[in-house]
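S.K.: Sequence:
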Amino acid sequence: MSRRQRIAAFVVALAAVLALAIGIGRWVGPIATDDEDDHAHDDRTVLTPDDPDDSDDSGDAGDAAAAPPTTLDLERTVHDAGRQRLAFTIRDAAGEPVTSYDVVHEKRLHLVVVRTDLGGYRHVHPRLDAATGQWAVDVDLDTGSWRVYADFTPTGGAATIAQADLQVAGDFTPVELGADDATAEVDGYEVHLARDGDELALHVSRDGAPVTDLEPHLGAYGHLVAIRAADLASLHVHPEEGEAGPGVAFHAALDQAGRYRLFFEFSHAGAVHRAELTLTADVPGDSGHNDGTDHSGGADDEHEEGDGDEHDH
Numbered sequence: 001m002s003r004r005q006r007i008a009a010f011v012v013a014l015a016a017v018l019a020l021a022i023g024i025g026r027w028v029g030p031i032a033t034d035d036e037d038d039h040a041h042d043d044r045t046v047l048t049p050d051d052p053d054d055s056d057d058s059g060d061a062g063d064a065a066a067a068p069p070t071t072l073d074l075e076r077t078v079h080d081a082g083r084q085r086l087a088f089t090i091r092d093a094a095g096e097p098v099t100s101y102d103v104v105h106e107k108r109l110h111l112v113v114v115r116t117d118l119g120g121y122r123h124v125h126p127r128l129d130a131a132t133g134q135w136a137v138d139v140d141l142d143t144g145s146w147r148v149y150a151d152f153t154p155t156g157g158a159a160t161i162a163q164a165d166l167q168v169a170g171d172f173t174p175v176e177l178g179a180d181d182a183t184a185e186v187d188g189y190e191v192h193l194a195r196d197g198d199e200l201a202l203h204v205s206r207d208g209a210p211v212t213d214l215e216p217h218l219g220a221y222g223h224l225v226a227i228r229a230a231d232l233a234s235l236h237v238h239p240e241e242g243e244a245g246p247g248v249a250f251h252a253a254l255d256q257a258g259r260y261r262l263f264f265e266f267s268h269a270g271a272v273h274r275a276e277l278t279l280t281a282d283v284p285g286d287s288g289h290n291d292g293t294d295h296s297g298g299a300d301d302e303h304e305e306g307d308g309d310e311h312d313h
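Quick note: the sequence shown uses the UniProt record's numbering, first residue 1, plus one each step.
Hints were generated in silico from the structure; no laboratory data involved.
None of the values given here were measured: they were computed from a predicted structure.
Just to be clear, a hint being listed does not mean it is correct.
Unchecked claim - Below, in silico cross-link-like pairs of lysine to aspartate or glutamate (DMTMM-like), each with a Cα-Cα straight-line distance of 20 angstroms or less:
#1 107 x 142
#2 107 x 138
#3 107 x 265
#4 107 x 215
Said to hold, decoys possible - Here are the computed distance ranges between Cβ atoms for each label pair:
#5 258 x 129: 34 to 40 angstroms
#6 231 x 175: 14 to 20 angstroms
#7 212 x 169: 45 to 51 angstroms
#8 173 x 215: 35 to 41 angstroms
Note that the Cβ used here is the ideal one computed from N, Cα and C, for glycine as well.
Please model the complete structure; the sequences and the hints are all you need to start from.
M.R.: Okay, here's the thing in structure tokens:
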């Protein structure tokens with residue numbers, strides 16, 4: 001069976017199950033587009049903080065090993081708690097600032113900041129000073145250790161995720177990840193996760209009714225970040241094409257067994273919302289089922305936008 005046929009069969013089966021609870025809806029993915037830049041992450045390189053110049057040790061099945069080494073150079077690695085200016089420079093193999101980027105998913109660079117206990121999440125879009133190559137954005141940060149992920153495609157280069165760590169001073173008690181949860185409630189919405197191997201489908205409902213008028217968010221009807229709990233690896237995830245709800249389908253390279261925290265963003269009624277869910281993959285590509293009952297929208301549920309359109313939720 002081809003991948004397209006597998007996705008179609010998965011979606012049909014999942015829709016039948018969901019119909020028992022909330023009625024049959026349309027399964028969807030990203031907005032159909034002819035802009036191939038929106039799918040540039042298919043061959044992205046992941047560079048870790050421990051060895052940023054080694055593109056061969058990415059921990060991601062979808063990574064490209066041939067891309068030139070790139071470094072995420074933070075201006076400061078220690079901050080006070082509260083709203084702080086987070087500034088950094090992307091440097092090439094020669095240590096020179098990268099100043100030219102392709103637009104992917106409507107932005108030249110996506111910055112995700114995740115607390116290392118997976119209890120805090122920020123997704124922001126900083127502004128670039130083209131003269132110096134420095135990016136900057138204001139971010140609210142709680143005490144604790146944070147992993148910074150810069151997702152970008154340098155002009156003429158490969159899609160890349162560069163990473164670095166920062167500390168926020170103060171007392172900090174990590175939160176437990178908790179049991180696997182296939183359903184999350186956030187801002188009056190319910191998001192249900194179903195999985196078949198590397199295929200993930202997230203169904204959005206409100207007051208028991210499927211949401212069929214999702215709004216575009218970063219070039220699609222949903223945005224998903226997947227972080228592996230054991231090593232904080234950011235996994236290769238891309239959306240499938242589809243319509244405006246109630247479901248959004250993704251392909252995720254679950255290449256290693258372990259626990260994963262999913263941060264799913266969607267836009268509806270003029271606002272961006274985020275649901276957080278947890279799943280366990282027993283073996284790479286297993287079909288796992290999530291039956292957890294933790295319906296939390298996340299321990300720390302802030303989302304911010306730069307580039308002149310900053311907002312929190």
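S.K.: Indicate, hint by hint, whether the structure satisfies it.
M.R.: Against the structure, the hints:
1. Between residue 107 and residue 142 the CA atoms are separated by roughly 26 angstroms; this puts the pair beyond 20 angstroms, and the hint is violated.
2. Among the hinted pairs, residue 107 with residue 138 is consistent with the structure: their alpha-carbon atoms are about 17 angstroms apart, no more than 20 angstroms.
3. Distance check on the hinted pair: residue 107 and residue 265 sit about 16 angstroms apart at the alpha-carbon level, within 20 angstroms; holds.
4. Between residue 107 and residue 215 the alpha-carbon distance is near 17 angstroms, which keeps this suggested pair within the 20 angstroms criterion.
5. Distance hint for residue 258 and residue 129: a CB-CB separation of about 38 angstroms, consistent with the stated range 34 to 40 angstroms.
6. For the pair residue 231 and residue 175, the beta carbons lie near 18 angstroms from each other, so the given range of 14 to 20 angstroms is met.
7. Distance hint check: the CB atoms of residue 212 and residue 169 are about 46 angstroms apart, consistent with the given range 45 to 51 angstroms.
8. A hinted range of 35 to 41 angstroms for the beta carbons of residue 173 and residue 215 is consistent with their spacing of about 37 angstroms.
Checked against the numbered hints above, the structure breaks only hint 1 and satisfies the rest.
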